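Number of protein chains: 2
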Amino acid sequence: MALTLGIVGGGQLARMMIAPAVELGVDVRVLAEEPGMAAALAATATGDYRDLETVRAFARGVDVLTFDHEHVPQEVLRALVADGVRVHPGPDALQFAQDKLLMRARLAGLGMPQPEWARVTDAAGLQSFLDEHGGRAVVKTPRGGYDGKGVRVVADPEEVADWFDGGELLAEELVDFTRELAQQVARRPSGQLVAYPVVETVQRDGVCAEVIAPAPHGSTRLTEVAASIGTAIAEGLGVTGMLAVELFQTTDDRLLVNELAMRPHNSGHWGQDGAVTGQFEQHVRAVLDLPLGDPAPRQPWSVMVNILGGPADGTLESRFPAVLEAHPAVKVHTYGKAPRPGRKVGHVNAVGDDLDAVVYEARAAAAFFAD
Amino acid sequence: MALTLGIVGGGQLARMMIAPAVELGVDVRVLAEEPGMAAALAATATGDYRDLETVRAFARGVDVLTFDHEHVPQEVLRALVADGVRVHPGPDALQFAQDKLLMRARLAGLGMPQPEWARVTDAAGLQSFLDEHGGRAVVKTPRGGYDGKGVRVVADPEEVADWFDGGELLAEELVDFTRELAQQVARRPSGQLVAYPVVETVQRDGVCAEVIAPAPHGSTRLTEVAASIGTAIAEGLGVTGMLAVELFQTTDDRLLVNELAMRPHNSGHWGQDGAVTGQFEQHVRAVLDLPLGDPAPRQPWSVMVNILGGPADGTLESRFPAVLEAHPAVKVHTYGKAPRPGRKVGHVNAVGDDLDAVVYEARAAAAFFAD
Ligand SMILES: Nc1ncnc2c1ncn2[C@@H]1O[C@H](COP(=O)(O)OP(=O)(O)OP(=O)(O)O)[C@@H](O)[C@H]1O
Ligand SMILES: Nc1ncnc2c1ncn2[C@@H]1O[C@H](COP(=O)(O)OP(=O)(O)OP(=O)(O)O)[C@@H](O)[C@H]1O
Ligand SMILES: [Mg+2]
Ligand SMILES: [Mg+2]
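If you're matching them up, the sequences are chains A and B in order.
Under this note's numbering, the first residue of the first sequence is numbered 38, with each subsequent residue one higher.
Under this note's numbering, the first residue of the second sequence is numbered 38, with each subsequent residue one higher.
Each hint should be verified, as a subset may be incorrect.
[Claimed, not checked] Here are the simulated SDA-like pairs of lysine to any residue, each with C-alpha atoms no more than 25 Å apart in a straight line: (1) A:K374 x A:A401; (2) A:K374 x B:R97; (3) B:K374 x A:A333.
None of these hints come from the bench; they were simulated from the model.
Computed from a prediction, not measured in an experiment: that's the story for all the values here.
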């Protein structure tokens, strides 16, 4: 009777869809990789998402299938669509979040601003790209990268010699950016689309560390250009659900597309506590083709700080008494994952009127979970 | 590793603890009365909460035991405490929410303002109470009442003849009230206490229909007196977790205590979207003896309207497209319960700066779920 949403993948993004789905009244089922994952509470199946029969069995009896990650193979996705399963985002869109080379070519076709780039298949090809770009480049494996794994800044093809075995690579100019931004939009299968305010994201060691929403010093023009890029990509690629467009703001004040995520994204966690409709609720609504919620901020400023790694000497819970006592207005989110260096195990959100105070509050709270 | 909270009872109050518990990183387990209840997602056991062995088995392996309702018998609660289970609220406090006669006597001992009342055991006793109170009284069964069942306004003892078989009854003066209010406080076992702003509750046919937070036209004095009543009761009775004190504001501007609930309460649903820390998160924190969250409103006004009954001709979900399209900023909460006349099956929350607009918004959204 209730609408049923199936999520492939049991990580924290699936976990964080549980709360808004339960509140709205949507049944959530998760196909988890193994027992005890972040989204274990809603796990009704455990298995390999690369195996068609596993996913097919899971998809039976759900109204819509969506994802915690972008790793489900195209063949599996296309077979499900052929079965008549409502898959959102669908394989035609998702391929551009799965393969950065495909993405670059498609975004070029849409006329989107992006770094100069080339497909390189050997050292000679990379050397000529380097020669044309001041001797430095960012080289990326087209598939399977995350949290900066699969991204290297190189001056010599030797530095990615190990990667050429895997076939083609993406070479990009090393962008001289003043900061990184992210633009999120939500889009329904029936076409309705809403844009969130563009946010500033701060990466450390290739991993998202902090997000400020909306991006400080964001002119009307910046906000509009970012939203129009997000909208053009969502519509051009036929994205359904949440889309995040990672952007560079360059020293000469252009916006260039870095990459795409077609699912809830770390840059949108602030909205759980800072937006009228957070990205997890919005994703659930969008993929079920329900009318979208208001993406407006509830407060002038929201700041999200990731908990990376967590305490070496204990559990996240061991820090709850201290952090909750010191910061009664901060919202602590943890993912049920064991602490491990560099691992995303939770985040905190702070909201308020004064940016400096909100930044301080979020950082101070997150610091309680540090080593 | 994660903290584990066991909830006895699988209704909507247990259901609504799931979302904040998941977000904070607390494992929730529910002992449900039967399969398919509102809190089924977190149900790890099904059984009779009046049976000690059932509850005892469920309590094994949880850090703290709490409740969706107040119906677990004292003998069961006391046996669990003797076992060493951390039960919050504990039996000593909970008895005053289980029995309205016990409550009246105890509140009198605490000097709390309340309606005139008497324990009556037969028609003659009730007749003399009637004679002393202008010929009318409110008669209540001390135990097991909810949503106005177990409450009758009478002018003649005959009207409750069927109830005298059950033993003693509570007779109360028929209070001449201008409105009903509710004061919530949260209290930890270690003593920390926070008070929510007093709210106005509107009952229809003995059932909560709407809540406005904070109570309109609430003077500083009203707010302080209500908070001090809530605080005195929580401390006096040793309540742990959420306490709701239902109050009458009389025509001569006194506050009188109607009754107590020691759990999240319908009068606090607004806080899910309208408070920095909603009552469900607060209850989880309080019973686990974690520092309490900020109970302040996020916006000047919040209005909650219950969905009572639901569409006769279909499911709640059939109304989602229309309501979500018309009200993108309203938050819809449904409980996974089948529509049935008068049944609480969900609620909507609206928040904002302008009370009239917020009231309109919440009522208009809830109306989409009407028959
Ligand atoms: N062309 C570039 N010029 C400069 N810096 C870059 C470039 N491409 C990537 N980076 C830096 O490396 C980071 C990671 O790159 P990218 O987002 O492509 O990798 P990823 O592993 O898919 O990341 P994640 O999954 O964490 O978003 C970027 O956030 C940015 O800081
Ligand atoms: N003494 C009284 N004088 C006037 N009205 C009363 C009195 N007692 C109760 N009422 C009315 O009846 C309603 C229900 O009473 P009460 O709260 O005691 O019953 P209940 O069934 O336990 O309610 P619920 O579980 O819905 O809160 C009150 O909200 C109030 O409107
Ligand atoms: Mg990236
Ligand atoms: Mg009542």
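Hint compliance check: list the failing hint numbers for this structure, sorted ascending. Failing hint: just 3.
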